[in-house]
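Make a model of the complete structure from these sequences and hints.
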Amino acid sequence: MTVGVWNYLAEYASEREDVLGAVDQVFSSGRLVLGESVRGFEREFAAYHGVPHCVSVANGTDAISLALWALGVRPGDEVVTVANTAAPTVLAIDAVGAVPVFVDVDEATCLMRVDQVADAITARTRVLLPVHLYGQCVEMASLRALAAEHGLAVLEDCAQAHGARHHGRVAGSLGDAAAFSFYPTKVLGAYGDGGATITADPEVERRLRRLRFYGMEDRYYVVETPGRNSRLDEVQAEILRRKLSRLDRYVAARREIARRYDEGLAGTGLALPVTAPGNEHVYYLYVVRHPRRDELLEGLRPHGIELNVSYRWPVHTMRGFAHLGYSDGSLPVTERLAGEIFSLPMYPSLDPDTQARVIDALRKVLLAG
Numbered sequence: 001m002t003v004g005v006w007n008y009l010a011e012y013a014s015e016r017e018d019v020l021g022a023v024d025q026v027f028s029s030g031r032l033v034l035g036e037s038v039r040g041f042e043r044e045f046a047a048y049h050g051v052p053h054c055v056s057v058a059n060g061t062d063a064i065s066l067a068l069w070a071l072g073v074r075p076g077d078e079v080v081t082v083a084n085t086a087a088p089t090v091l092a093i094d095a096v097g098a099v100p101v102f103v104d105v106d107e108a109t110c111l112m113r114v115d116q117v118a119d120a121i122t123a124r125t126r127v128l129l130p131v132h133l134y135g136q137c138v139e140m141a142s143l144r145a146l147a148a149e150h151g152l153a154v155l156e157d158c159a160q161a162h163g164a165r166h167h168g169r170v171a172g173s174l175g176d177a178a179a180f181s182f183y184p185t186k187v188l189g190a191y192g193d194g195g196a197t198i199t200a201d202p203e204v205e206r207r208l209r210r211l212r213f214y215g216m217e218d219r220y221y222v223v224e225t226p227g228r229n230s231r232l233d234e235v236q237a238e239i240l241r242r243k244l245s246r247l248d249r250y251v252a253a254r255r256e257i258a259r260r261y262d263e264g265l266a267g268t269g270l271a272l273p274v275t276a277p278g279n280e281h282v283y284y285l286y287v288v289r290h291p292r293r294d295e296l297l298e299g300l301r302p303h304g305i306e307l308n309v310s311y312r313w314p315v316h317t318m319r320g321f322a323h324l325g326y327s328d329g330s331l332p333v334t335e336r337l338a339g340e341i342f343s344l345p346m347y348p349s350l351d352p353d354t355q356a357r358v359i360d361a362l363r364k365v366l367l368a369g
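Numbering (my numbering), first residue to last: 1 to 369.
Derived from the structure by calculation, the hints contain no laboratory data. Not one of these hints is a red herring.
With a cut-off of at most 16 Å between alpha-carbon atoms, the simulated EDC-like pairs for lysine to aspartate or glutamate come out as follows:
1) Lys364 with Glu295
2) Lys186 with Asp248
3) Lys186 with Glu11
4) Lys364 with Glu298
The calculated label-pair distances, taken between Cβ atoms and stated as ranges, are:
5) Ala47 with Pro277: 26 to 34 Å
6) Asn229 with Pro352: 38 to 46 Å
7) Asp24 with Glu306: 29 to 37 Å
8) Ala10 with Asp262: 17 to 25 Å
9) Asp218 with Met1: 49 to 57 Å
10) Glu256 with Gly339: 25 to 33 Å
11) Thr268 with Val222: 56 to 64 Å
Don't be surprised by glycine CBs; every beta carbon is placed ideally from N, CA and C.
In structure tokens form, the structure reads like this:
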């Protein structure tokens, strides 16, 4: 059997009755769009993060782009972020006509170098967008101080950080707004697509609700700015609502898997994940580094192990973003990491025997090299 970085089937087998119960509840409710399951999930997801407002949307990309829009970003404005992220982070900035401005990342944690942000701020900057990558948070106190000094908003990209904590506070409660993805692989994943933005600002929440529903407050009347159709499906909302009650259990399972990797791969020459001070990592991904990354990945294939790279191409190096004007060497750490990182299997239902198979194969390939 081939081992990949993610598999949901064992989890589905254990939760099947609850998942199908959610589907039946919605189908029997008489309301299939923006009904009680969406309203209930929004209340409960906001409460989990200790903020008053949650607005669910169709996907994580919309969660970022609509949040930027609601925070006042307009075409030509700049948003400071990183290129070591999934392309949708930057695509969401582009979708509102804004310009992404990249800073480099820390070599040990792969997180935004907050000490480079001040030099990236210009008169056109409107938002600082830290990406809480792989399951842990960017250092937020200094970033918030910079935002306050320059009159900027902070939008957290929490797509990979459900349940993570930073100095005791849950990811998503640290900025002016936070965007989440519920893509199936996420720490809190749906059985399809979905996203949400949370905020403590009632005006941002009001704008978000209009923007996700064509720009309307009442049916068929666009109030100020035309929006788009971006609604979390009622079935996915009910599934997420039930899975939210198990989120801390999922996180505990991921941490135990990470502990076994740490123990089993110590001393192999792999650079293992580093948790930044004050962080409580949730291990959305377990990302390791090796200078012979591609050679190792090929060596694992005969063992039936096919792994992933998150992310092989930094956004600023993609042809689709060549217009931004970044050249090779613009972000040296980001570019170096892209040639070395790869992800090991990580999902709550990963059993110890399968994980041991991955560890043993990795050790054999490393020793053979």
